[in-house]
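Protein chains: 2
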Amino acid sequence: MVVKSELKLIKSLQQKKCRNEHGLFVVEGKKTVEEVVNSDMKVYKLFAIDPSGLDVNGEQVSAISNKELGQISSLKNPNGFLGVFHIPKQKENILSDWILVLDGIQDPGNLGTIIRLCDWFGVKDVVCSNTTVDCYNAKVLQATMGSITRVNVQYTDLQAFLSTTKLPVYGTFMDGVSVNNSKLPEKGIMIMGNEGKGVSEAVAKLCTDRLAIPQFGDVTTESLNVASATAILLHEIRK
Amino acid sequence: MVVKSELKLIKSLQQKKCRNEHGLFVVEGKKTVEEVVNSDMKVYKLFAIDPSGLDVNGEQVSAISNKELGQISSLKNPNGFLGVFHIPKQKENILSDWILVLDGIQDPGNLGTIIRLCDWFGVKDVVCSNTTVDCYNAKVLQATMGSITRVNVQYTDLQAFLSTTKLPVYGTFMDGVSVNNSKLPEKGIMIMGNEGKGVSEAVAKLCTDRLAIPQFGDVTTESLNVASATAILLHEIRK
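Those protein sequence lines, which keep their order, are chains A and B.
Heads up: the first sequence is residues 1 to 239, going by full-length UniProt numbering.
Heads up: the second sequence is residues 1 to 239, going by full-length UniProt numbering.
Incorrect hints may appear among the rest.
Claimed, not checked - Quick list of in silico lysine-lysine cross-link-like pairs, BS3-like style, CA-CA up to 27 Å:
1) K239(B) to K76(A)
2) K76(A) to K67(B)
3) K11(A) to K76(B)
4) K67(B) to K239(A)
No lab work stands behind these hints: they were computed from the structure.
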């Protein structure tokens with residue numbers, strides 16, 4: 001049995017405000033919980049319908065009933081495993097050769113897919129505007145498929161961040177230069193904009209280069225999905 | 001007011017079986033409804049809370065109450081516009097230079113994103129295995145952002161389809177040859193596999209070439225999302 005106050009706390013972590021207040025976030029599903037436990041992140045509490053089913057490096061796992069899990073899960077069909085972890089401190093050091101900057105990404109699935117792409121393409125740092133969806137949102141975490149443990153995601157004021165860098169700053173725009181005709185350097189910053197509005201005006205002014213992914217044939221669809229565009233650009237960076 | 005039997009029919013179209021039985025599918029949202037009305041697809045019925053708000057080329061729009069719309073919508077928050085359309089007949093002719101083949105894609109968001117990518121990259125034909133999620137599923141349609149009207153999606157037995165083609169057949173595999181080291185021809189077939197299992201064994205046997213998208217740095221994440229992989233491969237085809 002889990003005490004009521006604890007159920008209330010965990011449920012509250014579905015809201016960004018409460019996650020930040022308590023410095024905690026929730027992960028669901030056997031595979032992802034195990035992956036986070038076996039990373040650098042620190043466990044707060046682990047719950048499972050069947051605690052013996054979880055491979056968690058000797059960490060304590062509390063038994064939880066189906067009913068209790070239903071009360072705290074953000075899933076329609078909770079799948080038996082839930083972990084609460086401490087939100088890691090933002091690392092100050094930028095380690096990557098390339099840095100991905102996100103200017104106002106709103107869709108949790110897009111952000112999760114982009115973090116997973118960064119993991120695949122070895123881009124270790126993602127710098128998000130404060131207007132970008134929170135990376136500890138349950139839907140984001142689900143889409144990262146565990147990659148959140150290997151990519152350093154920061155939130156900051158992009159204008160302040162970009163105005164101090166000496167790296168070339170690539171922005172993606174409908175009217176930019178085709179990425180097929182651009183030779184990308186070994187280090188740089190790549191900026192992806194909001195799903196509807198693209199890169200914001202203030203941030204666009206700080207770009208040193210404007211890139212585009214060319215459409216083929218007749219112009220029909222309005223735009224590429226931002227996660228699809230990120231896939232193509234990170235692939236080009238790493239070629 | 002909409003008659004009860006009609007509400008019942010439209011609600012039933014949330015199921016694939018009923019869509020096929022009636023040859024009808026449902027689209028929601030002002031922009032997408034307008035896009036489908038203004039395409040080759042044939043209108044069955046259009047509904048709107050405010051019929052004057054829809055730009056539909058002279059087609060008749062029936063007024064519907066909030067309550068009625070809530071009864072037939074597949075959205076948590078219906079947004080005022082719903083269109084029912086006839087499912088177009090499968091076109092026999094393959095028009096494209098490149099054909100995308102999908103072998104068991106399960107996630108509606110992935111299929112929708114892939115159809116949108118085909119529209120962007122001018123790939124006019126998508127051939128799906130019968131195990132692939134139905135392209136007239138509401139979540140697929142939402143993710144296509146209207147591209148369903150410009151891409152010809154067929155469902156068929158892939159082994160039969162692939163065994164008759166004279167085009168080179170590219171499959172995507174974890175252990176394939178890096179796409180960075182492959183010169184892709186002007187015409188061909190590109191096969192993307194299921195999210196968890198990849199290309200099925202029977203279909204893999206019919207591939208003439210095995211491709212992979214190289215990971216950068218340490219091997220960490222297990223795989224690329226299939227829509228991200230499709231984005232990169234279609235970009236490579238069109239370069």
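Taking each numbered hint in turn, which are not upheld by the structure, reported in ascending numerical order?
Going through the list in order, the structure violates hints 1 and 4 and respects the others.
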